[in-house]
Amino acid sequence: NAGVTQTPKFQVLKTGQSMTLQCAQDMNHNSMYWYRQDPGMGLRLIYYSASEGTTDKGEVPNGYNVSRLNKREFSLRLESAAPSQTSVYFCASTRLAGGPQTQYFGPGTRLLVL
Amino acid sequence: TQLLEQSPQFLSIQEGENLTVYCNSSSVFSSLQWYRQEPGEGPVLLVTVVTGGEVKKLKRLTFQFGDARKDSSLHITAAQPGDTGLYLCAGGVLTNTGNQFYFGTGTSLTVIP
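Going down the list, the sequences are from chains A and B. Residue 34 in my numbering sits at position 34 of the first sequence, with consecutive numbering throughout. Residue 1032 in my numbering sits at position 32 of the second sequence, with consecutive numbering throughout.
Chain A with its partners taken away, still in its complex shape (with noise of 0.2 Å):
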């Protein structure tokens, strides 16, 4: 199995731009999770999807959109790109939405906006 994949591993935009950034996972996991990682912030969540079918708001959503394509992949659209969101993008996956899961994380995505 290979857990969590993110493509694309490294990104380079200019203001204005839009992108995709794609997160699959292969345990049949129904939980699905985006964060951005900055230095001296820990990570913090921008969107997450309970399950199929659904899509929550978390800390900083402002600016991105989510898609939960099918139980698999949960993807992450920048529509205008903005220097302040150069971060490291990370996607985790939990087995159930409830109780105290353990979250997997993919290798993540460094996004520099110009």
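Just to be clear, a hint being listed does not mean it is correct.
[To be verified] Covered by chain A, per the in silico footprint, the following chain B stretches (three or more residues, Cβ under 8 Å):
| hint | stretch |
| --- | --- |
| 1 | 1027-1033 |
| 2 | 1040-1049 |
| 3 | 1097-1108 |
The hints are simulated quantities; they were obtained by calculation from the structure and are not laboratory data. In this text, a Cβ means the ideal position worked out from N, Cα and C, and glycines have one as well.
Given the structure of chain A, go ahead and fit chain B onto it with the hints provided.
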């Protein structure tokens, strides 16, 4: 809003020393997790604690959840270079739409051989 504060932010110690990392909040969490993150990789779960006052040991690592479920600590005995990494605590909040996890600011540990 940063719900979880970790201290210290940076820690550099000699091999064999002991250390404690703290994770504090004014909020109550249904569970508290500790992760370790290596450069260029995603965080990996070390432990989950769910009961106030709970203590868990993982070899040389001891984790404690505060009685009020608002804070936690990670104690490492006889640190080794392999313990080097970023340690993150994460508090779980169960909502009617699922789990939300709030991460601490992180503690970057360097163990010098």
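Hint check:
1. 1027-1033: With 3 residues closer than 8 Å to chain A, the stretch 1027-1033 of chain B meets the three-residue bar; holds.
2. 1040-1049: holds (count 7)
3. 1097-1108: Three-residue rule met by the stretch 1097-1108 of chain B, so holds; n is 10.
Violated hints for the displayed structure: none, as all numbered hints are satisfied.
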